[in-house]
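Asks: Read top to bottom, the protein sequences are chains A and B. Going by this note's numbering, the first sequence opens with residue 969, and the numbers climb by one from there. Going by this note's numbering, the second sequence opens with residue 969, and the numbers climb by one from there.
No lab work stands behind these hints, which were simulated from the structure alone. Backbone N, C-alpha and C fix where the C-beta goes; we use that ideal spot for every residue, glycine too. A portion of the hints provided could be inaccurate.
Some chain B residues flagged as far from chain A (calculated, every beta-carbon gap over 12 Å) [what the hints assert, rightly or not]:
| no. | residue |
| --- | --- |
| 1 | Arg970 |
| 2 | Ala1005 |
| 3 | Arg1018 |
| 4 | Thr1027 |
| 5 | Glu1030 |
| 6 | Asp1070 |
| 7 | Met1135 |
| 8 | Ala1281 |
| 9 | Lys1383 |
| 10 | Gln1488 |
Straight-line C-alpha distance at most 30 Å; calculated BS3-like pairs for lysine-lysine [to be verified]:
| no. | chain 1 | residue 1 | chain 2 | residue 2 |
| --- | --- | --- | --- | --- |
| 11 | A | Lys1433 | A | Lys1423 |
| 12 | A | Lys1237 | B | Lys1314 |
| 13 | B | Lys1143 | A | Lys1325 |
| 14 | A | Lys1487 | A | Lys1433 |
| 15 | A | Lys1016 | A | Lys1069 |
| 16 | B | Lys1329 | A | Lys1231 |
| 17 | A | Lys998 | A | Lys1433 |
| 18 | A | Lys1395 | A | Lys1426 |
| 19 | A | Lys1143 | B | Lys1251 |
| 20 | A | Lys1423 | A | Lys1383 |
| 21 | A | Lys1474 | B | Lys1487 |
| 22 | B | Lys1285 | B | Lys1300 |
| 23 | B | Lys1329 | B | Lys1251 |
| 24 | A | Lys1314 | B | Lys1231 |
| 25 | A | Lys1143 | B | Lys1325 |
| 26 | A | Lys1251 | B | Lys1314 |
| 27 | A | Lys1231 | B | Lys1237 |
| 28 | B | Lys1474 | A | Lys1474 |
| 29 | A | Lys1300 | A | Lys1350 |
| 30 | A | Lys1260 | B | Lys1314 |
| 31 | B | Lys1474 | A | Lys1069 |
| 32 | B | Lys1237 | A | Lys1325 |
| 33 | B | Lys1314 | B | Lys1237 |
| 34 | B | Lys1329 | A | Lys1143 |
| 35 | B | Lys1251 | A | Lys1260 |
| 36 | B | Lys1350 | B | Lys1292 |
| 37 | A | Lys1231 | B | Lys1260 |
Protein chains: 2
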Amino acid sequence: MRRWNGWGDESNSMDLPASAGEFLQNVIGKGVVLADASLASVIASVPKSRAPIHKLINTNEEIRVRHAKGQSLPDYLATRSGHFGLFPDGVCYPENNQDIKDILLLAKEYNLDLIPYGGGTSVAGHINIKQSERAVITVDMSHMNRLISLDTDSNIATFGAGTPGPMVEAQLRAKGYTLGHFPQSFELSTIGGWVASRSSGQQSLRYGRIEQMFAGGSFETFEGTLDLPTFPASSAGPDIREIILGSEGRFGIITEVKVRVTKLAEQEKFSVIFFPDWQMATKFCKAAAQNKISLSMLRVSNAVETQTQLKLAGHEKSISYLEKYLSLRNCKSQKCMLTFGITGSKQQTKATQTQIKPFIKQYQGISTGSMLGNRWAQNRFKFPYLRDALWQQGYVVDTLETATDWHNVDNLLNKVETSLKQGIENKNVHVFTHLSHVYGQGCSLYTTYVFSCEKDYKSTLACWKTLKHEASSTIINNGGTISHQHGVGKDHAPYLEVEKGILGIKLLENICQHFDPNKQLNPGTLLND
Amino acid sequence: MRRWNGWGDESNSMDLPASAGEFLQNVIGKGVVLADASLASVIASVPKSRAPIHKLINTNEEIRVRHAKGQSLPDYLATRSGHFGLFPDGVCYPENNQDIKDILLLAKEYNLDLIPYGGGTSVAGHINIKQSERAVITVDMSHMNRLISLDTDSNIATFGAGTPGPMVEAQLRAKGYTLGHFPQSFELSTIGGWVASRSSGQQSLRYGRIEQMFAGGSFETFEGTLDLPTFPASSAGPDIREIILGSEGRFGIITEVKVRVTKLAEQEKFSVIFFPDWQMATKFCKAAAQNKISLSMLRVSNAVETQTQLKLAGHEKSISYLEKYLSLRNCKSQKCMLTFGITGSKQQTKATQTQIKPFIKQYQGISTGSMLGNRWAQNRFKFPYLRDALWQQGYVVDTLETATDWHNVDNLLNKVETSLKQGIENKNVHVFTHLSHVYGQGCSLYTTYVFSCEKDYKSTLACWKTLKHEASSTIINNGGTISHQHGVGKDHAPYLEVEKGILGIKLLENICQHFDPNKQLNPGTLLND
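Isolated chain A (complex conformation) (with noise of 0.2 Å):
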């Protein structure tokens, strides 16, 4: 069964080797254990519904608790502490494009808000309640969850709006496709979900961002439904895609995505190599994606985050043979490690190989062949279930990323490092940094960093409100995207006027305007109102 109050199934979980307890023991002192709220303690605090009584809404209490809170830092704080503060009034479970049509109609004779719900899987409040005098109902689309066409001549795929990312790749790869859209969130996460946030995936070097997969679909609004039909491409008038893209459930309900996907390639592998520094490593990044080497992924640990995996690696004594070797071949320790991924067919594997060799050796790189780098790929969506192993040792870990042109990486880098490292007076926060989403034109930047609790709830959730407005303020006030992945939800709405502008936020307004009249979808989310 899934956590109510963590990430993922309650039967997997990470344990924190002892070495990283150590480590961040040294780095940012001991931790605070909180204690932890129950269920049935959270469940009897659930307000009476103020849903109308309809087949079509589920007005159980446990059902509305798991419902009310997405995965950012503060929604497990109060998933941990149970102080929840709203809940859904209920929730829907559609079946089909009627019910969601159904749905809409009783949201408008009831007058009901409604928070379309995909994995849950937000890190940025997209799914989180706002104060309202509306009965507020979560549209979960979990029951929409299956492959409805695959069209293996034009390689377009349709799906229920509601499939969660295994489920997309299960159903493909029986047929011999992949969608290749891997976002860390994988586990639970939705087509849907994807499509609405512009999610990114660990392998957007090949597959592309979901704004090059998203081909066409359904989408449900108060207004009436736009069936978005699917074209290789087209000149007609601005893309209306991309206004579906991103609009996190402001302007309607996501029934059918239809997606771009791709054969089943006949190798893939991913490797680890060494730079010296983080110049050296980014340069080789830039210029594997400038030079246009068909690399499927490629992500460089900074050196602190190089040191903080390896630590959290375990294997003490083959990493530290590891490190003597490095050592030896001046990766000392400012060393960064740089994971990649080569994707297609066996031909094209060799030729992308030989096209990077003359790079790895300007940039005095390091190859350490498969081992981390399979490593990498068996535990590529196991770094959510760390957040419960440092909890248990008193740590809370949360996580922040941006986009920046080349010529700004590292200046960007260093002021959010900075601002998080410095952002709370006489409070050690343990920060680090990789970049990842490598383009032309430069690349994502994605940042976690670790503290202590304090010694209550209220002070711990305090700690992350500064520390979080200290680096979305940083972001935005230097030439940083104040999303490249997450999205905008609650969190990032105030933040985002700077790279959207006066006028391009009066837009987005009026574009809810037109779908929305009566500000009943995800209040609050997106927009700043």
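Let chain A serve as the given structure and place chain B on it in line with the hints.
Replies: Relative to the frame of chain A, chain B by itself:
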């Protein structure tokens, strides 16, 4: 000097080889040569300007004539006959963003319609004047034609929106870069026009469509300035760039364009392969795209286009030897010519050559090396000159294009060609098509049709209207987009609703309303209002 009633510079022209004339006479009968109007007579027909007297507005009659029409076939017939109908009341030549702000203020104050104008190369009526009670001012962007900056770290170039293709490439090439955007209209069309009309170039397979190149820029509207910052990617809500792309002058005036550029490649080669028939040739293209072979362009002429091109080439003797050779290798009357480009580093082009070989063999292609490929590259922007050559012989030529998913390519092609061939009773229309702009999901189809003039302009135009309507209806009712690269303009606006939906069209109207509440910007274009 640029032709006022035809394509390109007066010093350039193209002759029709005698063999081509004979060929056309055989298939569609003798041409009917119509008399041309003189520039002087057209200038004399220009009515008094309704524009206010202002230093920014030029009301010279010849200038007004030269901005009245684009390059569609009805535009061509208008310039040849001298029956222009409507002229702008004046033309502005802004030098900078401030001039554009001033022009917008002027338009507010004097209640003017404005038509943003790039190279005037629209083939869909984008810049034509719609009857209006207001004075109509064309805003010619040609003085804003410079490379403003080049970030060689992030590979972002900033251009004045009025920079035409050759100046884009010349300014970049001087610094070792290319944009790689080569539409047929390259000689005259501008970077701002490419963005406004969602243009696609011949080498989109390597460099992408303008959507992939357009990273940000500045946009002046009646409601204020919209500055679009550059990010490599973002998940921060709907992408406003994608609303500017394809806006066709309805929402505002693009003043600066920031584009993603690429270092000039070490090697580039264009080659030609013949396939026994259309099925084999298209299967090859689909396989190349779906297997992500790194070609930079791909174009297949169907059997009639292949035959026509070989006739147009002149060089009868060498063509006849080529055909004999091909015939021995099973490429006979149904043979299809495929032109492809490979661009990249030496290693990359070699790897690509290796990777396509098995596909060429599988689909029975006969490589003929680079001679015909080089000829294509030399003549790649000359096709528009052919219209004048045909006109001299009493024929008119027009093109139309669409894109569709692979499963529908043959169906749509056959229906579009039939709609043109059978569009007018007892009139022979010579119709041929090529496939280009290949995607994993599908491709574009580009159809050319030639017919002899009728006894006068009016009935020649009537023929075009019938054929255009037949073909456009066929496209939208059979799963094609109304345009893959030409845009909507005024000619395609009546056909847009099928693909955008009623709700989508209303959305675009609301976006118009947001930026231009009094509908003063390019009315009648994009939306059928």
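Asks: Hints first: check each against the structure and report whether it holds.
Replies: The hints, checked one at a time:
1. With a least beta-carbon separation of about 25 Å from chain A, Arg970(B) lies farther than 12 Å from that chain, consistent with its non-interface assignment.
2. Interface exclusion of Ala1005(B) from chain A stands, the closest Cβ pair being 32 Å apart, more than 12 Å.
3. With 12 Å as the threshold on Cβ separation, the claim that Arg1018(B) sits away from chain A holds: the shortest Cβ distance comes to roughly 30 Å.
4. At roughly 32 Å, the least C-beta separation between Thr1027(B) and chain A is larger than 12 Å, which holds for a residue marked as non-interface.
5. Remark: the non-interface label on Glu1030(B) is consistent with the geometry, its nearest Cβ contact in chain A lying 32 Å away (cut-off 12 Å).
6. Against chain A, the non-interface label of Asp1070(B) holds: every CB pair exceeds 12 Å, the least being about 19 Å.
7. For Met1135(B), the non-interface assignment is confirmed: its Cβ lies about 22 Å from the closest Cβ of chain A, beyond the 12 Å cut-off.
8. With 12 Å as the threshold on Cβ separation, the claim that Ala1281(B) sits away from chain A holds: the shortest Cβ distance comes to roughly 30 Å.
9. The Cβ of Lys1383(B) lies farther than 12 Å from every Cβ of chain A, with a closest approach of about 16 Å, so its non-interface assignment holds.
10. Interface exclusion of Gln1488(B) from chain A stands, the closest Cβ pair being 17 Å apart, more than 12 Å.
11. Proximity of Lys1433(A) to Lys1423(A) is assessed by CA-CA distance (about 16 Å); at most 30 Å being required, the pair is judged to hold.
12. At roughly 24 Å between alpha-carbon atoms, Lys1237(A) and Lys1314(B) fall within 30 Å of each other, so this suggested pair holds.
13. Proposed proximity of Lys1143(B) and Lys1325(A) is supported: the alpha carbons are some 27 Å apart, at most 30 Å.
14. Pair hint Lys1487(A) plus Lys1433(A) holds up; C-alpha atoms about 27 Å apart against a cutoff of 30 Å.
15. Restraint check for Lys1016(A) and Lys1069(A): the C-alpha separation of about 26 Å stays at or below 30 Å, so the hint holds.
16. Restraint check for Lys1329(B) and Lys1231(A): satisfied, since their Cα atoms lie roughly 21 Å apart, inside the 30 Å limit.
17. Restraint check for Lys998(A) and Lys1433(A): the C-alpha separation of about 21 Å stays at or below 30 Å, so the hint holds.
18. For a cut-off of 30 Å, the pair hint linking Lys1395(A) to Lys1426(A) stands: about 16 Å separates their Cα positions.
19. The straight-line distance between the Cα atoms of Lys1143(A) and Lys1251(B) is roughly 20 Å, inside the 30 Å bound, and the hint therefore holds.
20. A hinted pair counts as satisfied when its Cα atoms are at most 30 Å apart, and Lys1423(A) with Lys1383(A) qualifies at roughly 29 Å.
21. Simply put, Lys1474(A) and Lys1487(B) have alpha-carbon atoms about 18 Å apart, close enough for the 30 Å limit, and the pair holds.
22. Note on Lys1285(B) and Lys1300(B): the hinted pairing holds, with a Cα-Cα distance of about 17 Å set against a maximum of 30 Å.
23. For the hint linking Lys1329(B) to Lys1251(B), the alpha-carbon distance of about 12 Å falls within 30 Å, and the restraint holds.
24. A threshold of 30 Å between alpha carbons decides the hint, and for Lys1314(A) with Lys1231(B) the separation of about 28 Å falls inside it, so the pair holds.
25. Annotation: proposed proximity of Lys1143(A) to Lys1325(B) holds, straight-line Cα distance about 27 Å (limit 30 Å).
26. With a C-alpha separation of about 21 Å, the suggested pair Lys1251(A) and Lys1314(B) falls inside the 30 Å cut-off, and the hint holds.
27. For the hint pairing Lys1231(A) with Lys1237(B), the CA-to-CA distance comes to about 28 Å; that is within 30 Å, so the pair holds.
28. For a cut-off of 30 Å, the pair hint linking Lys1474(B) to Lys1474(A) stands: about 17 Å separates their Cα positions.
29. Between Lys1300(A) and Lys1350(A), the direct Cα distance comes to roughly 28 Å. Compliance with the 30 Å bound is thereby established for this hinted pair.
30. Note on Lys1260(A) and Lys1314(B): the hinted pairing holds, with a Cα-Cα distance of about 13 Å set against a maximum of 30 Å.
31. Among the hinted pairs, Lys1474(B) with Lys1069(A) is consistent with the structure: their alpha-carbon atoms are about 20 Å apart, no more than 30 Å.
32. This hinted pair checks out: Lys1237(B) and Lys1325(A) have alpha carbons roughly 25 Å apart, not beyond 30 Å.
33. Between Lys1314(B) and Lys1237(B) the alpha-carbon distance is near 11 Å, which keeps this suggested pair within the 30 Å criterion.
34. Between Lys1329(B) and Lys1143(A) the alpha-carbon distance is near 27 Å, which keeps this suggested pair within the 30 Å criterion.
35. For the hint pairing Lys1251(B) with Lys1260(A), the CA-to-CA distance comes to about 26 Å; that is within 30 Å, so the pair holds.
36. With a CA separation close to 28 Å, the supplied pair Lys1350(B) and Lys1292(B) stays within the 30 Å bound.
37. Between Lys1231(A) and Lys1260(B), the direct Cα distance comes to roughly 11 Å. Compliance with the 30 Å bound is thereby established for this hinted pair.
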